[in-house]
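First to last, the protein sequences are chains A and B. Numbering of the first sequence is given in UniProt numbering, commencing with residue 1 and proceeding in unit increments. Numbering of the second sequence is given in UniProt numbering, commencing with residue 1 and proceeding in unit increments.
One or more of the hints may lead you astray.
Claimed, not checked - Derived PhoX-like pairs (lysine-lysine); straight-line CA-CA distance at most 25 Å:
#1 LYS73(B) - LYS132(B)
#2 LYS22(B) - LYS264(A)
#3 LYS264(A) - LYS73(B)
#4 LYS27(B) - LYS224(B)
#5 LYS133(B) - LYS73(B)
#6 LYS73(B) - LYS135(B)
These aren't lab readings, by the way, just hints derived from the structure by calculation.
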Amino acid sequence: MITTASSSSLASQDRTASFGATNAVFIGRSVRLSLRNADAMIMAIALPVMLMLLFTYVFGGALDPSGNYVDYVVPGIILLCAGFGSSSTAADVALDMTGGIIDRFRTMPIRSMSVVTGHVVASLLRNLITTGIVFGVAMLVGFHPSAGPLQWLEAIGLIALFIFTITWLFAAIGLVAGSPTAAGSYGFILLFLPYLSSAFVETDTMPKWLQGVADNQPFTPIIETIRGLLTDAPLHHQGWLAVGWCLLLLAVALVWSVWTFGRKAGRR
Amino acid sequence: MSQPAIEVTGLQKRFGSQAVLKGVNLKVPAGTIFALLGPNGAGKTTLINILSTLTAPDEGVAKVAGRDIVSDKNGVKKSISLTGQFAAVDEMLTPEENLRMMGRLSGLTAAEASARARELLRQFDLVESARKKVKTFSGGMRRRLDLAISLVVPKPVLFLDEPTTGLDTISRRALWEMILKLREQGMTIFLTTQYLEEADQLADTIAVMGGGRIVALGTAQELKARIGGEVIELRNAADEVIRTLPTSGGIQDIRHLLGEVALTVPQDTKIGIRKPSLDDVFLALTANPKEEATL
């Protein structure tokens, strides 16, 4: 037999979930979904590790015969790893937006945009863990950071800010895309950017026109800052540029996401 | 509770150049089941989306539980629960987790949400599968869970968009039972369906929708009466219905009609006379919406 909680409670509910509780529920949901998606989790760890081994052992000897290439390449690998790990957010968001569940959330008296925030925070947590694993593997293959505790803290802070920013960009892509598959394909473009930066080779080895692109795109200052912090080298203006780029891109991604969410939701 | 649960006046909606709703008027008394019946593309889902605040109307006024769907969206959201056309459940979660999540989002504490989840799993016969991922569920189980989720915190008005589409007969009947019980408890249920039998079995009031308008409104009895007295069925030698002819039931009318038809059908055709079904009404009303709109 079906009973409603009690017949007298069939009135409009004035009790609603608070903004904090709503976010907590959605973050919990996304973390749980991440843990259940073992394939994506394994790929997010295996791919960067494989890339690092590839660059260290296969290309490393040719790029830097002294054998110190691993010290150069780790920051780039970390960002590539974070970018790859965050990219699944685009598909996760697109899946929610194209399924029936978003309509249910949107007809509840809650801030339904929190469903996206949940995916972003889960991605941040996920990627901080994989970043830790990648650092561990890097140490095993000969990475020797010379950073002090404060520099480590700054480096981790910048990596977290970068993950947060790029995840919001992927979330915006997921909101714009018409399907999870399309979201995955659009997201791939972002993952190509690290290759056109100082991640793997110094930009002055590139042709002049490409050097202009590589020097002035956001990945380069972020990578240079992390590299500088970890190897205890002077940062010059790169640190501010890195934080500035992240905050600018974060603002763009947030505005884009909120706008798209409002415009798209409810239309199918 | 004399105030209607849903009241719609002159509702219009267009998507680009296509007018989907061309002026819809209806009233649903509290504590009744209202079925919106119509073929695909008639505008049923658009109407449900507008009433549940998902889509804004272009013209017209609508109130749900006495609250305006445009100016008091949040008030409407507090009074309704929507089960959309696609089972709105989280596939990678278990039914228990789905129910707990919705409980927490509805403002229950963790303990209350767990207790309510267990209660609903029992009521909806999902206890054995409580810890399996929803993606392993059959269509019927999914729909049951979907309805259970809508009842985590019972609201006065429940919207069900094609609740039994794609279900087998047994699951469909089980769901009907559940919907009827909800009415007993005072809930107002607004459902859309393509199945006449469903509207006939469940609804206190049926609205037939076609071409963006309500083309007929009334009880199943009233709608059947509208098509006339008797329906004549022509059957071939294999006892298959080859044509149905609505008639007034008067002897002159039938004689005249049969006189005409007898010349155009095979010699061994047999006739039968029956009361009109909702199918006849539906086909008559939606076959040519422009003409019927003047009914």
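Outcome of the hint check:
1. With a CA separation close to 36 Å, the supplied pair LYS73(B) and LYS132(B) exceeds the 25 Å bound.
2. Simply put, LYS22(B) and LYS264(A) have alpha-carbon atoms about 23 Å apart, close enough for the 25 Å limit, and the pair holds.
3. Restraint check for LYS264(A) and LYS73(B): the C-alpha separation of about 18 Å stays at or below 25 Å, so the hint holds.
4. Taking the CA atoms of LYS27(B) and LYS224(B), the gap is near 20 Å; set against the 25 Å cutoff, the hint holds.
5. For the hint linking LYS133(B) to LYS73(B), the alpha-carbon distance of about 33 Å lies beyond 25 Å, and the restraint is violated.
6. Between LYS73(B) and LYS135(B) the CA atoms are separated by roughly 33 Å; this puts the pair beyond 25 Å, and the hint is violated.
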